[in-house]
Amino acid sequence: MITMQLFAQGQGSAITDSLYASGKIYVVVAVVLLILLGLLLFLFTIEKRLKKIEKKTSAKI
Amino acid sequence: MYKSWWKILGAVLVIYSTIAGFLIKTPDLPIIRESIRNLYFHVPMWFSMIVLFSTSVFYSIKYLSSSNPHDDIKAVESVNAGVVFGILGLTTGMIWARFAWGQAWSFDVKQNFAAIAILLYFAYLVLRNAIDEEQKRAKISAIYNIFAFPIMVVLLFVLPRLSDSLHPGDGGNPGFNAYDLDSRMRMVFYPACLGWILIGYWIYTILYRLRVLEKAQR
Chain V
1 MITMQLFAQG
11 QGSAITDSLY
21 ASGKIYVVVA
31 VVLLILLGLL
41 LFLFTIEKRL
51 KKIEKKTSAK
61 I
Chain A
1 MYKSWWKILG
11 AVLVIYSTIA
21 GFLIKTPDLP
31 IIRESIRNLY
41 FHVPMWFSMI
51 VLFSTSVFYS
61 IKYLSSSNPH
71 DDIKAVESVN
81 AGVVFGILGL
91 TTGMIWARFA
101 WGQAWSFDVK
111 QNFAAIAILL
121 YFAYLVLRNA
131 IDEEQKRAKI
141 SAIYNIFAFP
151 IMVVLLFVLP
161 RLSDSLHPGD
171 GGNPGFNAYD
181 LDSRMRMVFY
191 PACLGWILIG
201 YWIYTILYRL
211 RVLEKAQR
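Chains V and A, in that order, are what the protein sequence lines are. Position 60 of the first sequence, counted from 1, bears residue number 60 in full-length UniProt numbering, the numbering being contiguous throughout. Position 185 of the second sequence, counted from 1, bears residue number 185 in full-length UniProt numbering, the numbering being contiguous throughout.
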């Protein structure tokens, strides 16, 4: 690990040299994006369920 | 609170800033290198926390003049949401520090005071639960909250500047914007902040509405 870091000095960083060169940073972006989209969608469904219950209780009162 | 356009805006901004945060070129600085991209994710956590705690203080002050229990619920739930963002800010900061400063926790003033600031709000949440009578609880915690907020601001933004700190923006270090937040990074950083603030506020409104429903059921 240390030698790798030393090796990377002077050129681009280790990530620009390896990940970006192979273009596979998009894989990470896709994974993170999926997680983010999933969580946001989850939030929207919670919101929807909440609205439903709110309507029901306000009708009852 | 019930409109949905700003929730969609928040979601879009967060998604945009995540994609752009990974892909847009950044200045190649020594030591931090690509980890500068953490700026798009670590800093917005703190900004969201500050906004949520500010709303909390706003409603605490409002409660003291109105005595409306809903204002009290708003104050608590925004702290509940804000504390989550604070913990996220602290832990993301620790991961970043592990690789930029050498240690996850180097007892840097910024880290110490940030931890204390969050503990201050934990105390607020615990203190509330210790008081049974509802009006008393609301009043005492509102007053505590009003005092806690300026102390939190001083701990996070004033004291670290007065002593040596590794954190950018403190102890004589320039903030990121001073030397390397170039225009490309600004195009990601500001939307990221706004987006995460909106998401944080949204989570707070959900917590608030849930609490109101719970109260109505009892």
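Don't read these hints as lab results, they were simulated from the structure. A virtual CB, placed ideally from N, CA and C, is assigned to each residue, including glycine. Wrong hints could be hidden among the right ones.
[What the hints assert, rightly or not] Capping the alpha-carbon separation at 27 Å, the derived lysine-lysine pairs in DSS-like fashion look like this:
1) V:K56 with A:K136
2) V:K52 with A:K7
3) A:K25 with V:K24
4) A:K136 with V:K55
5) V:K56 with A:K25
6) V:K52 with A:K3
7) A:K136 with V:K24
8) A:K7 with V:K56
9) A:K215 with A:K136
10) V:K55 with A:K3
11) A:K136 with V:K51
12) V:K51 with A:K62
13) V:K48 with A:K25
14) A:K25 with V:K51
15) V:K48 with A:K215
16) V:K48 with A:K136
17) A:K136 with A:K3
18) A:K215 with V:K52
[What the hints assert, rightly or not] Output of the computed footprint for chain A on chain V, the stretches with three or more beta carbons under 8 Å from beta carbons of chain A:
19) 33 to 43
20) 48 to 54
TODO: With a cut-off of 27 Å on the C-alpha distance, tell me whether K25 of chain A and K51 of chain V pass.
DONE: violated, 42 Å
Open item on the list: So if I understand the rule, the pair passes when the alpha-carbon distance is 27 Å or less; does K48 of chain V with K136 of chain A pass?
Closed with: Roughly 34 Å between the alpha carbons, so the hint for K48 of chain V and K136 of chain A is violated.
Task: Pairwise hint evaluation, K136 of chain A against K215 of chain A, where the allowed Cα distance is 27 Å at most - done: holds, 18 Å
Open item on the list: So if I understand the rule, the pair passes when the alpha-carbon distance is 27 Å or less; does K25 of chain A with K24 of chain V pass?
Closed with: Cα-Cα ~15 Å, so holds.
Open item on the list: Hinted pair, alpha-carbon criterion (27 Å max): K56 of chain V, K25 of chain A. Please report holds or violated.
Closed with: violated, 50 Å
Task: Satisfaction of hint between K3 of chain A and K136 of chain A, Cα-Cα up to 27 Å - done: Distance of about 33 Å is beyond 27 Å: violated.
Task: Pair hint K52 of chain V and K7 of chain A, alpha-carbon separation not exceeding 27 Å - done: Holds: K52 of chain V and K7 of chain A sit about 18 Å apart, inside 27 Å.
- [ ] Mind checking the alpha carbons of K136 of chain A and K24 of chain V for me, to see if they're no more than 27 Å apart?
- [x] Roughly 58 Å between the alpha carbons, so the hint for K136 of chain A and K24 of chain V is violated.
Task: Pairwise hint evaluation, K55 of chain V against K136 of chain A, where the allowed Cα distance is 27 Å at most - done: violated, 31 Å
Open item on the list: Against the 27 Å threshold, does the CA-CA distance of K48 of chain V and K25 of chain A hold or violate the hint?
Closed with: Violated - the C-alpha atoms of K25 of chain A and K48 of chain V are around 38 Å apart, more than 27 Å.
Open item on the list: So if I understand the rule, the pair passes when the alpha-carbon distance is 27 Å or less; does K48 of chain V with K215 of chain A pass?
Closed with: Holds: K48 of chain V and K215 of chain A sit about 20 Å apart, inside 27 Å.
Task: Hinted pair K7 of chain A and K56 of chain V, Cα distance within 27 Å - done: Roughly 23 Å separates the two Cα atoms, so the pair holds.
Comparing the model with each earlier hint shows violations of hints 1, 4, 5, 7, 11, 13, 14, 16, 17; every other hint is respected.
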